[in-house]
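Asks: Following our numbering, the numbering of the sequence shown begins with 203 at its first residue and continues without gaps.
Think of the hints as simulated: they come from the structure by calculation, not from any bench. None of the values given here were measured: they were computed from a predicted structure. Where is the CB? At the ideal position from N, CA and C, for every residue including glycine. Where hints are given, some of them may not hold.
Computed beta-carbon distance windows for the label pairs [stated by the list, open to error]:
id	residue 1	residue 2	range
1	V390	T267	44 to 52 Å
2	R420	E465	47 to 55 Å
3	S357	T310	32 to 40 Å
4	P358	Q461	25 to 33 Å
5	Q461	E346	17 to 25 Å
6	A273	S357	14 to 22 Å
7	P446	G297	33 to 41 Å
8	G439	A473	24 to 32 Å
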Amino acid sequence: MTAADATPEPWSRRRLLATMLAVAAVAAVLLGALGYGTYSALTGHDTPSTAAVDAAPVSAGDVATGLSGQARRDAIAAAPMRASPPTAAWGGASGTAPPPTVVVPPATTVGPAQVPTGYPRTPEGALGQWGAIASTVLAHMSLEVTDAVHRAWASPGAAPVRQWRPAVDVVAFRSGPAAQYVDDATTVITAAPVAGQVKGVDGPDWALACVLVKVTARVVTEDSVVDGMCARMEWTGDRWVIAPGTEPARAPATWPGTQLALEAGWRTWVADDGEPS
């Protein structure tokens, strides 16, 4: 008798329950790898200090006052943002006031490495392009896709891929226990920006764009986490690309609509058609 001929033994209720619980936990494991793994990879610590969590943001405009050229751009990029604990990426207390919004124009075409593009030459266009780049990388959680996107969208002089925030996230994600699930056919990962802010500008062709990307993993059940990241963006020819310079200060990963998100300056992402993303 071959294995194909064997009659499967009926599963006990205990075995069924254990299997269901294990499957339901996969989404949480996947997003836990992103939330806590990337924090540790970037800071070298499992949890932030109280001082770091309570730190107030610094106005990028203030630190760049009187500066010009690359010095101004570096000051805007380096200005620290509101720190947050890893747990803030899953939820938190609602804000005391409705969050402000940022209206982001839609993409009009698909560009290199299958990243949506066609955003206008405006700060909101830079924000939209960075949101599309970051979301593409996080939705695939693939080292190959990450490398391809970086090659296609990073200008000469931009941070190398090993230092690029989305790449750091993907490496941390795939280095942990989540790696065994991410390539499974039953696992679906989606990513989309839910909030954003323009931290600073330098003329019409340069902007420091920050996005809060919501990543959802679905394996029968689903779970979500948010990831904050910023990029120097410059207009070259007919599109926004990642500009030269070191990686900007880390953006806080705070659940949208919470008090921490409000304090961090996040604005709810609203598509140009008036509907929240």
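Asks: Look at each hint and say if it fits the structure.
Replies: Quick rundown of the hints versus the structure:
Here the CB-CB span from V390 to T267 is close to 47 Å, well matched to the stated 44 to 52 Å. For the pair R420 and E465, the beta carbons lie near 31 Å from each other, so the given range of 47 to 55 Å is not met. At roughly 22 Å, the beta-carbon separation of S357 and T310 lies outside the given 32 to 40 Å, and the hint is violated. Look at P358 against Q461: about 41 Å separates their beta carbons, and that is not inside 25 to 33 Å.
Separated by about 39 Å at the C-beta atoms, Q461 and E346 break the suggested range of 17 to 25 Å. Taking the beta carbon of each, A273 and S357 are about 18 Å apart, inside 14 to 22 Å as hinted. A hinted range of 33 to 41 Å holds for the C-beta pair P446 and G297, which are about 36 Å apart. Between G439 and A473 the C-beta distance comes to about 25 Å, which sits within the given range of 24 to 32 Å.
In summary, the numbered hints that this structure violates are 2, 3, 4, 5.
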